[in-house]
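**Student:** Please construct the entire structure, taking both the sequences and the accompanying hints into account.
Line order of the protein sequences matches chains Y and E.
Numbers in this note's numbering are just positions in the first sequence, counted from 1, shifted up by 98.
Anchor point for the second sequence: position 186 equals 181 in this note's numbering, and the numbering is continuous, going up by one each time.
Among these hints, one or two may not hold up.
Stated by the list, open to error - Examples of chain Y residues toward chain E, derived with CB under 8 Å: (1) 154; (2) 173; (3) 308; (4) 725; (5) 730; (6) 735.
No lab work stands behind these hints, which were simulated from the structure alone.
Built from N, CA and C at the ideal position, the CB exists for glycine as well.
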Amino acid sequence: MSHIWPMFNQIWLIPVIPLVGSLVVGLMGRSMRRGSVALIACGAASLALLASLASFWRLLSLPPDARVLRHSLGSWIASGELSVAFGFLFDPLSATMALVVTGVGLLIHVYSIGYMGEDRDYHRFFSLLNLFLAEMLVLVLADNYLLLFLGWEGVGLCSYLLIAFWFERPAAASAGTKAFLVNRIGDAAVVVAMIWMILLFGTLDFQTIFTGAPATLSHGSLAASVLSLLLFAGAVGKSAQLPLYVWLPDAMEGPTPVSALIHAATMVTAGVYMVARSAPLFQLAPVSLEIVAWVGGITALYAASIALVQTDIKRIIAYSTISQLGYMFLGLGVGAYAAGIFHLMTHAFFKALLFLAAGSVIHALAGEQDLRRMGGLRRSLRVTAGCFLVGALANAGIIPFAGFWSKDEILLAAYASGHRLLWIVGALTAAGTGFYMFRLYFLAFEGESRLTPEAASHLHESPWSMRLPLVLLALGSATVGFFGIPPESGVFHRFLGPSFPVSGHQGGSAPSPSGIGLALAALVMAGAGILMAFRYYLRDPKEPEALAERYPTLYRILVHKYWVDELYDDLVVRPTMAGARFVSASFDAGLVDGAVNGIGSLLGSAGALLRRLQTGHVPAYVLSILVGAVVLLGYLAFHG
Amino acid sequence: MDLVLPRIDWAPLAAMLPVAFGGLAALVGDLFLPAGRKRFIPALGLASLALSILVSIGLWGTVRFSVNDAVVLDRFALFSYLVFALVSILSILLSMDYLDASAPDQGEYYSLVLFSTLGMMLMAAGGDLIVIFLGLEMLSLALYTLCGFRKAELRSNEAALKYLLLGAFASSFFLYGIALIYGATGTTVLRRIVAFLADGRPPSTLLLVGTGLLLVGFGFKVASVPFHMWTPDVYEGAPTSVTAFMIAGTKAAAFAALVRVFLMALPTLQVQWSAPIWVLAVLTMTLGNLVALVQNNIKRMLAYSSIAHAGYLLVALVAGGSPGATSILFYLVAYALMNLGAFAVIIALQARGQELLSVADYAGLGFRRPVLSACMALFMFSLAGLPPTAGFMGKLFIFSAAVEGHYHELAVIGVLNSVVSVYFYLRPVVVMYMNEPAIERPLVPSSAAAIWAVALSALGTLQFGLFPGRLLDLARQSVAALGG
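**Tutor:** If you want it as structure tokens, here you go:
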């Protein structure tokens, strides 16, 4: 073993293993038995986790300030002034991400064995899942923006293919397309940022850019602000923040393990990761940081408010994801990078747990996702209910579950850095979170059963392959927060610290009395939310309707999600298509339209053909060329 | 009267000779080959192109002028030859079985393909505006005929006739432009025009109008708005194999000549010509992408897509200098691979002369023809500019060149345009994988030659997307002579 170890802790192995798994399953899976497919795919995920652990061990053996492993697979582009390497980087930040991705990823692979057990495209699913893992690992291990972008687009593609996995459902196919297209808007900004960085720094390598940045872009300069905001725009698309969040709720059309892995635990945090990775650039642009914080804070509250009234079990968790991602950006924006990443990690556990538990419910009820037709499930789904409760407590930020520690730290940092208003926004969100999480829990698992007879007859607890990941994730959701005690100087922070520039607000300090007071206040808010949920949905189930009747406008706004989808449709999609049709009608009166009508009568008659050409479009085309030529020549003659 | 014949140095013409003789041999061979042996003709075409490639590689690094500076041999010309040879080889491959069904006169077809390739080579090697014009006409005349190659088909005839009428009209602009430039500078030889402009005098109006007229002529060939209107009609009407050849070949040749004339001979006038080309680039990108959004015929969609790509290439031309020219050369390779690849898939999927031309025809193919569909998706992603494809790298280099030339707004408009384009490139992919076929079609074995074309294009698209370094280096060397 000892002679294999030094080979196994090569960081390039981490993404390559699942890539190989994906190819094997994708190319040969059709003729394999299901058991072999699952074995190869889960085996690849486990080996990737082991490889990450091996590199992590190697990293820990180094002194804290020197914890960086690099490995270059050679030059990628080396031409003239531009040089980019095919290089990987393993520092505390990448290590955290790689461990989260492979750890949670493995559990979700195992869960999928049961969940997708009866699907006819078993091998396609596992091949894509492995491919996703590989791309995500490229993203978090890249040592330059171009390789990061390669992974970034790769996970986008996998996400698209997996959302649309059940392409027979029209909603799934269109949700996949929507996700892909909305993300392109943010990606375009990233491309512009990359081009700009090539010109400024002659490379896309993180290290060179970050060391050169303070000299090239002075602190607070417009260039630094615009560059960092372009990167942030990409993050807004990927991490589903306002105003580009619209794709994520629809992405729930994909199979539930996909929602858990891609749209909760890993891919959607890529934006958070990129902003954290680019911290040295954001440090130069206080304006950008302020914008990051506010976009995050407002998104957190906004998404939580929508989650209050939804009835689809997966959609509530999806809006909750958007809201929690908002917290992470809030943390990054106030300079608490480690706290943001800490929340990313705890969130990966409890959000994957919530989705998988929801999946277990859906599986048990033969596809039912509507809360109004659930209720009382705890009696027959004991494990699922217990695990879901742990996830809900963690998500609501109740002490001592994981979410409490990380969220508390973000709110504390917001307050301490002088963003009092943002603290209030965050605390209000906490109250909303408590309410919607437990509204979901009570409606699904407690109270009386409202199951359809069909679903009731199908009701069964999930197989072990699904329960085991649930239990492990529940354990994680309960405990990973302890790595962050005491706040800001826990094990986690000391490990992660060297990855980030020292910002105004960082460095350990003992919990102050005011800090404890603030934490208590946030806790009280969350508790109040839970109590409200208890009152309206468990003790007195008639009340919510009365409430909706009393505030009809508010209720309608929330149910219709502020009409943002409709707004985008009217403002962007329709005008673009109408414009395209108009331009097309004006400039594209071509062969098809004219020729199809008269094709029979014209056939074989050269004379008729010529006549049509003379009276038809050709003069219009000549006119277009002439007008163009006259304008062009006029300009050159009189202006040139 | 003494007629002084110019001394001809044959080296600069060496790479063209195999193509020229190949074209002649195809024509003559057709007469003598029995009906069952016609496959020999495309093989001959491929062989002559391969020979031309070998000569080009052998000559790499040589710089020579021939026929009184009218023909230039430099890395730029050789790089362009390689691009044209690639285009021709792929086009011949995808024509081989496409034609069998409908055309008995194979010899003509392949000799016309080779002659138009020769025209392209002359355009890239032209050291004299007259030679560039000669190449342009040689290319165009062959293409007019090729467009109408399906004599019994009305659409094919209409395409040929439209192209001929409009092409002749546009050529007259080009020729008149040459005349005015001759009037202004006293020469049509590019080197002497450079020398004439070197003294820094402000350019005369005559020269500027001449330049503008050249631009109209080129604008027509590259399908730039507003000189583009023939493009969709002709591309849709022409036989699919010819469309593929035109879409990649004409554009490559016209851009090679554009770089020669505008970046090599007239860089001193960049202040004057960059503004109009800026406008053309924006119009071309935007209109091409916008109209492509609503096309249902895949050939017509690719026609508008080719207009949009002309716009991206014009961005690089505006950016100018060595970075602009380098990115043009790189992009031409990527562009040829992904377009010819897409057309090769269309041809490989045709069944008994029934082509799949409507986007809806592709429904459900993702699972019935998994490999071809995956390749089609790859080409669409490359056209849309997504990594890890050559199309992404090409766009990255073009927009970088634009930013480097301080045309930030052009880069932003270009990136936004490529966002819009994702929508229509994604449509065939969505339909292939996510729609059920309306009618069950019998599966017919595909042409082996077309599959070869698909495979070569797919390999190239991935190769230059993942490892663009070598190609970029070659492109940079090729334009080193053009100056910074």
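**Student:** Taking the hints in turn, state whether each one holds.
**Tutor:** Going down the list of hints, with the structure as the test:
no.: 1; hint: 154; in the structure: violated (28 Å)
no.: 2; hint: 173; in the structure: holds (6 Å)
no.: 3; hint: 308; in the structure: violated (20 Å)
no.: 4; hint: 725; in the structure: holds (7 Å)
no.: 5; hint: 730; in the structure: holds (5 Å)
no.: 6; hint: 735; in the structure: holds (5 Å)
When held up to the earlier numbered hints, the structure conflicts with 1 and 3 and fits the remainder.
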